[in-house]
Amino acid sequence: MKLIDTIARAGRSLKNAKARTLLTSLAIGVGAFTITLSLAAGQGGRAYTDQIVTANTDVRELVVTKKQPEVSNEPQKYNEAGVAQPSGTSGPFGGGAASQVNYLNDADIAAIKDVEHVVSVSPNYAPQVAYIGSGEHKYVVESLSTFSPSVRLEYAAGSVDGDLKKDEIILTEAYASVLGFATPADAVGKKVTIRADKLSTALGAAENKLFEYTVRAVSSKSGFAFRAQSSLLVTNDAARELYEYINVGTRAYGNFLLASVQIDDEKNAEDVKNVLVSKDFEAQTAADILGTVNTFINVLQGILIGFGALAVLTSVFGIINTQYISVLERTQQIGLMKALGMRRRDVGRLFKLEAAWIGFLGGAIGSGVAVIAGLAANPAISDALGIGDTYLLIFAPMQVAVVVIGLVIVSVAAGILPARKAAKLDPIEALRTE
Amino acid sequence: MIEIKGVTKTYGKKQNAFTALDNVSFTIPDGASVAILGKSGSGKSTLMHAISGLDRPEIGEVLIDGQDILKLKTKQVDKFRAQTIGFIFQSFFVQANETVADNVSLPLEIADVPFGARKKKIHEALESVDLIEKIGNKAKNLSGGQKQRLAVARAIVNRPQIIFADEPTGNLDSVTGTKVEDMLFGYNKKNGVTLIIVTHDPDLAAKCDMQVNIKDGKIESIREKKTAAKKPAIRKAK
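Chains as they are written, first to last, in the numbering used here: chain A, 1 to 434; chain B, 1 to 238.
Isolated chain A (complex conformation) (with noise of 0.2 Å):
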């Protein structure tokens, strides 16, 4: 018998018991339903920390930190000299604190620069500066951070199109509305002052310097940009300028917790990394922090499938249920197929076969409600949990394809059973029955 006219058989055997055979397909539908959603919300949740990462990392660019040592949970031992740190390293709030954290110092900064493909290096300055102003308006200043030009921002008023000069700054929109502008692009252009006060200075004797910058733009709050939501951004060099005016003379003074290392290209980060880490540094590529952020949603998504899968296993016994009622149903026809000569195997096909429509037709079922569902309810999940234009389900037509493929292969293996009571089934019989 040709595998078409089987084919055609099968499915006409299921048209004749409509009602049995979707309510079989829809419970296999429910698993489709759930596998579907889970990849979906899977992908769009990877696409999400995706774009998140590339609006806060740089991809060339490594953040790096002193090697740390490992973390014990037994209670340590106090020692005069310190807390047990490995020799060689300079905690600078070493003796007594409870710090086990390790410095890079400016040793450190010189060798990093020195790897093969760094271009330079920042050490993350994050100068603690008293305030910023613009006539009578002060306001303390929570972040400021350095602006690194491949960083996407997106801009409320004004822009930067390459590198920022060493007097300019970017403000948020917070902080351009409490500091008297009334629109974003008004603060543009305009000049703003940063205090800084030395830290260093005998009590009485406060020491401070006004700073002046020119607004060259305004940031504006974005779905994913978390540092530029809050930080006011400087070039490096004006970081260092206030960092090192703040901080000289003090004990932290050359020594950073972490470091960005900006390198000539993405393909080298790897290298880059492996160098730094067999130097004694921890270095983390934009890749690594995405790779951190998507180990947990692969988890999620992994306990979500699992209960899809729990569904479908389910859903199987229903159709090896279903398909032995009808091949008992059926005798007289399956009796009158093989006396009239079908083979045993085309017998048993026919019925693996009405199993592939009841999976193909439980996955259809089910996917497609899971993508019309899903798109329909995309806009009101982004609106829900604030993430602008993004869609957190994201069906991939080959993702849904395998599903349904999957769900028909796993019918079909349900199908064997029963199928094989039919194709053993002896025509003889078969053809008694009344």
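Since the hints were made in silico from the structure, they are not lab data. All C-beta atoms in this analysis are idealised placements derived from N, C-alpha and C, irrespective of residue type, glycine included. What you were told as hints is all true, and nothing was included just to trick you.
Computed beta-carbon distance windows for the label pairs:
id : chain 1 : residue 1 : chain 2 : residue 2 : range
1  : A       : 20        : B       : 215       : 45 to 51 Å
2  : B       : 15        : A       : 428       : 19 to 25 Å
3  : B       : 23        : A       : 328       : 35 to 41 Å
Based on the hints, put chain B in the right spot on chain A.
For chain B alone, kept in the frame of chain A given last:
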């Protein structure tokens, strides 16, 4: 020519053994109409199953044109049934939910007849049983007589060499029964197809060229009409 030689079929084992066919031997010439006559439980159905390759008696030979079908492999027996044999049953066994055309198409599909050749054969078969106007109907909408005619069409559609009819008129009233009988005998005479009817109806048996009486698994008597022996085999070459 069908030669049955010493066919013996037993069911069960040892003390419970029951002999359904006991050393049955006879010969059926090509193109003959044969009635296998007997009461229920006499072994007549078992005999039909043995000749048609549905059952496999452990002793004896069933030679069809010299080939012992009891020695064939399952696959080959299936092929033999698909290509050489047509079946008609007392309870029709037509597929109620399928159309008339799909019912008749089944043997062609099983015998791997190519698409192109099917339509013509289905039309011819339905025309010869007067059902051509019902071709698109569901079989469940047919009357009993029409269903059995449909079964006849299904049996002849692939031009079999032998047609087995198991109580073909048992579920029909006399008028429709006669119509079906006439069709079977007409087809048997016109195309030289061997027709083997299993029945307990002596009137139907009397219409056949040859009557084989079975009782308790043994042949009681074989009666032949004189014309039957002389009738030349005019079966069309396939």
